[in-house]
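K.L.:
Going line by line, the protein sequences match chains E and U.
Here the first sequence stands for residues 1 to 225, where the numbers follow my numbering.
Here the second sequence stands for residues 1 to 473, where the numbers follow my numbering.
It should be emphasised that the hints constitute simulated quantities derived from the structure, not laboratory data.
Keep in mind that the hints are not guaranteed to be accurate.
[To be verified] In silico SDA-like pairs for lysine to any residue, Cα to Cα no more than 25 Å straight-line: (1) U:K413 x E:R206; (2) U:K413 x E:G77; (3) U:K212 x U:P44; (4) U:K413 x U:R465; (5) U:K413 x E:P105; (6) U:K212 x U:R271; (7) U:K413 x E:G63; (8) U:K413 x E:D57; (9) U:K212 x U:A166; (10) E:K209 x E:T185.
Owing to the predicted nature of the structure, the values given are computational and were not obtained by experimental measurement.
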Amino acid sequence: MGAVHAWPVQRAANDAVLDAGASEAGLDGLLDGRRLWKGRSSHADPSAHPTGHEALDAALPGGGWPGSALSEILHAGEGVGEIRLVWPALARLSQAGERIVLIAPPHRPFAPAWQAAGIVLERLHVVNAANARDALWAAEQCLRSGSCGAVLCWPQRADDRALRRLQVAAESGQTLALAWRDMATARNPSPAALRVAVDAAPSALRVIKCRGGIPSARPIPFTAH
Amino acid sequence: MRWACLLLPHLALDGLLRDVADATLPTVLIDGPTQRRVLRDVSPEAGALGLRPGQSLSTAQALAGTLRILIHDPQQESRQRDLLAAWAYGFSSQVAVFGRHALLVEVEGSRALFGTWQALQARWRDELGAMGFRHRLALAPHPLAARVLAGIEDGAVSDDLAALHARLHALPITRIGLPASIAQSMIRMGLRTLGQARALPRASLARRFSPKLLAHLDALYGERDLPLNLYRPPDRFEARIELGFEVESSQALLFPLRRLTADLALYLVARDGGVQGFQLLLEHEGHPASCIRVGLLAPERDPARLFELARGRLERAELPAPVRALALQADDLPPFVPERRDLFSARPQQSSSWDALRERLRARLGEDAVHTLAAPADHRPERATHSAIEPAAASPAGFNSPPRPAWLLHPPKLLPDTLPQVLAGPERIESGWWDGQDIRRDYYRVRTRDGQYAWAFHPHDGDGRLLLHGWFA
Numbered sequence: 001m002g003a004v005h006a007w008p009v010q011r012a013a014n015d016a017v018l019d020a021g022a023s024e025a026g027l028d029g030l031l032d033g034r035r036l037w038k039g040r041s042s043h044a045d046p047s048a049h050p051t052g053h054e055a056l057d058a059a060l061p062g063g064g065w066p067g068s069a070l071s072e073i074l075h076a077g078e079g080v081g082e083i084r085l086v087w088p089a090l091a092r093l094s095q096a097g098e099r100i101v102l103i104a105p106p107h108r109p110f111a112p113a114w115q116a117a118g119i120v121l122e123r124l125h126v127v128n129a130a131n132a133r134d135a136l137w138a139a140e141q142c143l144r145s146g147s148c149g150a151v152l153c154w155p156q157r158a159d160d161r162a163l164r165r166l167q168v169a170a171e172s173g174q175t176l177a178l179a180w181r182d183m184a185t186a187r188n189p190s191p192a193a194l195r196v197a198v199d200a201a202p203s204a205l206r207v208i209k210c211r212g213g214i215p216s217a218r219p220i221p222f223t224a225h
Numbered sequence: 001m002r003w004a005c006l007l008l009p010h011l012a013l014d015g016l017l018r019d020v021a022d023a024t025l026p027t028v029l030i031d032g033p034t035q036r037r038v039l040r041d042v043s044p045e046a047g048a049l050g051l052r053p054g055q056s057l058s059t060a061q062a063l064a065g066t067l068r069i070l071i072h073d074p075q076q077e078s079r080q081r082d083l084l085a086a087w088a089y090g091f092s093s094q095v096a097v098f099g100r101h102a103l104l105v106e107v108e109g110s111r112a113l114f115g116t117w118q119a120l121q122a123r124w125r126d127e128l129g130a131m132g133f134r135h136r137l138a139l140a141p142h143p144l145a146a147r148v149l150a151g152i153e154d155g156a157v158s159d160d161l162a163a164l165h166a167r168l169h170a171l172p173i174t175r176i177g178l179p180a181s182i183a184q185s186m187i188r189m190g191l192r193t194l195g196q197a198r199a200l201p202r203a204s205l206a207r208r209f210s211p212k213l214l215a216h217l218d219a220l221y222g223e224r225d226l227p228l229n230l231y232r233p234p235d236r237f238e239a240r241i242e243l244g245f246e247v248e249s250s251q252a253l254l255f256p257l258r259r260l261t262a263d264l265a266l267y268l269v270a271r272d273g274g275v276q277g278f279q280l281l282l283e284h285e286g287h288p289a290s291c292i293r294v295g296l297l298a299p300e301r302d303p304a305r306l307f308e309l310a311r312g313r314l315e316r317a318e319l320p321a322p323v324r325a326l327a328l329q330a331d332d333l334p335p336f337v338p339e340r341r342d343l344f345s346a347r348p349q350q351s352s353s354w355d356a357l358r359e360r361l362r363a364r365l366g367e368d369a370v371h372t373l374a375a376p377a378d379h380r381p382e383r384a385t386h387s388a389i390e391p392a393a394a395s396p397a398g399f400n401s402p403p404r405p406a407w408l409l410h411p412p413k414l415l416p417d418t419l420p421q422v423l424a425g426p427e428r429i430e431s432g433w434w435d436g437q438d439i440r441r442d443y444y445r446v447r448t449r450d451g452q453y454a455w456a457f458h459p460h461d462g463d464g465r466l467l468l469h470g471w472f473a
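In isolation and in its complexed conformation, chain U is listed as follows (with noise of 0.2 Å):
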């Protein structure tokens, strides 16, 4: 087993700065009681002016002129990390969330599918770039020791043991992830590397400090293994973004919407699923959310895709009030099926088969909206068709009659024509009178004065008017 660490040192500020559409503006992220503000993070511009974690509010602001103050939300930090190992999962099955903002992802598993560590790597940085986290990554044979080379070297290589045990011989015992009381007594101690602790017998590492000493050492020599919670993607798919102030227009609303369908693509290729239909919660101060439903006809995933539908909704909703958080919502996820193509068809043939459009318009029209015909061997135009919701057996041939229109109406009407021209007939029909069903009636083909073809037959006990049964369309 290989396993890289991904830290992602600046996770919460990374995360807050991919919702605002201009990064570049040297923001902080702050933390302590509201009296005393302290820099938790700074961005890279706020940093080339100076700002350094843990200096106070007061001094940042009188250090830099504009400055973006974001506040840290822990809620907000976890929602990134799971983003990020629903993200991982897509290329592992073996993820774990390690610490705050670490990740551990098992890669030898998925080589076969990715290629080598330096061609996922380089898909890793650039994927992570895009999505605008700073990151470093570090792969080992054991998890424990990814993580640690990960905070010493960005792009740490340690494939084989003996490579693995040299190199952490000579790490400093304060760069070893050990809790910061356990490092400092073994200083005091006289133990600067981890190669000296690891010389030390056993039995005297055990009598002076904690069992966790050892079990830690263990896992990162990978004689122990590290427990892990790896992660499981969940079956929904929610995300929220608040905008901190009050968006009056459609048009300021399509950044954090790109973002959210964009992490929804990331989900749903990271569960191999697609979305069938999600909706947008768009909330204002005073007034309920307004919620817009997206609905598709067939599963999809592909991000710009997924931002055109909801944008072309969000464009045509009409709301109460200003927009003060966005949230995106999908429940509806089936499994996704690519389209497939076959390589002499002509046609994306049966990507959803009939039975299944069958069920879809039955599920929406009702039970009996779709039926095929028959045409049963009855000489009375009311019987000789017949719906079935389950084709019938091949009906037989029908009589050898004159010509029959196309569209029978039922019941039918006077003509409206009362002097049409006679083509053929009569032709007398008298059936049924074994069932009590029974007609007795003169039928002619007729043109009407405006050239329609129509089939109209007098009843025998009519007033001689004409009654229009079907027309020759």
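For reference, chain E alone in the conformation it holds in the complex (with noise of 0.2 Å):
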């Protein structure tokens, strides 16, 4: 990826004024590579969500959680840090009065940590479903009412529908919708705005697609403590 970027760097340098037809792909190169400052960014999207992690906000289009959309954190084991990444947003978001919902965690919350990471405990709901589905119709309730700040969701066996649909509901609500999802599924093609994978060793983020831009193929140094 850096290879092939390398090039529209000198040319558009070079013949910016000469060759400005030619170098358009070029810049549409330079721009979705988020390799040139511009003074009034057209990619910053009002509604994101900063996420707290100053080289992720860099690598993100919009510089955080996209407000309106499906993010899915990808990790391979539990306890890499995929919980600590999304606190500083819901922390964020808690303080501001919004609601945050979790939908059938895979665990139980361990209260004290979430109220030391600067969450409202009294914003934070959570809901327990008894199978997969019932879990996705509820996040899918939750996304599309439009009255919770964040949804959390772990659709462990979703298909590409499932996760569309919870994508079109983010939409619609408005709502910042986040879903944890295994490693494996990184391999498959997913309806989601942003995709963001936690590696465990070395500890590490790869934005693996992000809509509004190209992800750059260089993992994002993350202490997970």
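Reassemble the complex: the two chains are provided individually, in unrelated frames, and hints are given to aid placement.
P.N.:
Structural data, given as structure tokens:
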């Protein structure tokens, strides 16, 4: 990826005036690669929620979690920092009075830890669902209603259609949707607007897909602790 | 008050023609006993071939080569009438069905909403044309006068009483809606126009004719109110289309389906309601009808949306036999709340509030499915999280303790990794001697071979193996 983008940098610098038409494609590449700093960024999405991790924010087109779309967090095992990654955004949302709903979390949330992360516990709601179908339904309802600030779900065996429904629901309710899925699903395409993989060893983040830009292949250092 | 009359001279035939895909084929509506079928109504295409109402079916078949023959069904006609009454109810609260094929609608009251009669008339003609009903319209200060004018001239408008009376005076006595026997005897008396009849003394008219005549004339001139049965919209919607032949592909069902959903939308607009769920009944020969349920997340009434939803379900349904008739029933008709948009707010805020959402979640997932968290001041991990149905008062800040895991496993399980890297610990947690739930554990923060961060402990009375109690996720 890095090599591919190396030439437009030089070319755009040299021929920008002489060869404006031909360098247009190169300019797009520059913008998408976010190697060019623009005084007035057209990419910044006002509804995006800053992730609280500067390096990750810089790598995302909107400068944070896309505000009304589904974001996927892919991780191989538990305890690699996959929840910690979203805590700053959740803390900010809950302090602003927004509701945060956990749909069928895989384990019990340990309240002191969430509180210590700055999340207002009164704004945190847990929804239990007996099976995966009910959980998807509940997530869709919460997203669509527009009365929640963020909806967190764990669609383990969700197919493309279910994810698409979540994505559409997030759009129509203009709600931040976060889904945790297994790293093995990274190979499959997904309708999510953003896909971030959390690597355990060494601890790092990779943006697999981000709507509105080409994800950079470079891992982003991420300290789980 | 100003009353508009909507006259539908071809109501039964137009209603049937709406259900067929190709309406340009010459079509006749027949009536009468099987041995002697008589043409009741003809489509314009059939009229161009020389067919007229009243001819016998055999004559019609001799005159026209290919002919679509439809049988008159009074029930179907009355359903069409109800549909149009429901449609008209969207424009006025005073709608009455008058006779077999006329609707009387009071339009003065909704003038502020729909504009002048010219604008309203143009709109009506557009909508009726789109629905496929041939029609005549007239406007008058009294309902009966409007009905009579609609029969005389399409588009007639008599705004003030003087103009109306002048117009009524000139009308032939046979065209004012009197029973044929009364009209005949009046003509035999030499009374040709309504004006001549009105010039006679009331007492003599009352003596010579039944009291109905005077009542009719009074209502026509607006001197007496015409008793009308005002239309009230029903509380459920039901419509059915007989296909007349067996349909095997779902593609061929789309046309009648579009018609049904459009009628449903029309009905919903008139009610100012929405539909949350409806069912499609597909009737088969020799099989019980298949039922397809269509549920919606929020009340809806947009015809295109309803059609797309129903179509999606219909295309996926497996049918045991060809379809003979299609019906749509809707019972779940909650009030429709149009999407509210604030000028400045980015999100369509609270279209359904959190309380309504929580109710819905609890209704499906169980009474205690939704709960909030609180962090009571207890050192024992099992007791440091409290879930409550109602949000508790703000929890006090927790202890100044080392980092705690995001997830707590319940119950703790054996750590699969026997030789993890210890990052912190031991941290002794010993508490609860006063309530019999005392624990005595040494907690460690460990990192497994796979790079997972875990919270594990040695129980005081354990065998030395670490038990996994949480993930620093």
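K.L.:
Confirm or reject each hint.
P.N.:
Structure-based check of each hint:
1. U:K413 x E:R206: violated, 31 Å
2. U:K413 x E:G77: holds, 16 Å
3. U:K212 x U:P44: violated, 37 Å
4. U:K413 x U:R465: holds, 11 Å
5. U:K413 x E:P105: The given pair, whose Cα atoms are some 18 Å apart, holds under the 25 Å limit.
6. U:K212 x U:R271: violated, 36 Å
7. U:K413 x E:G63: violated, 40 Å
8. U:K413 x E:D57: violated, 37 Å
9. U:K212 x U:A166: holds, 23 Å
10. E:K209 x E:T185: holds, 13 Å
Hint compliance for this structure: hints 1, 3, 6, 7 and 8 are broken, all remaining hints hold.
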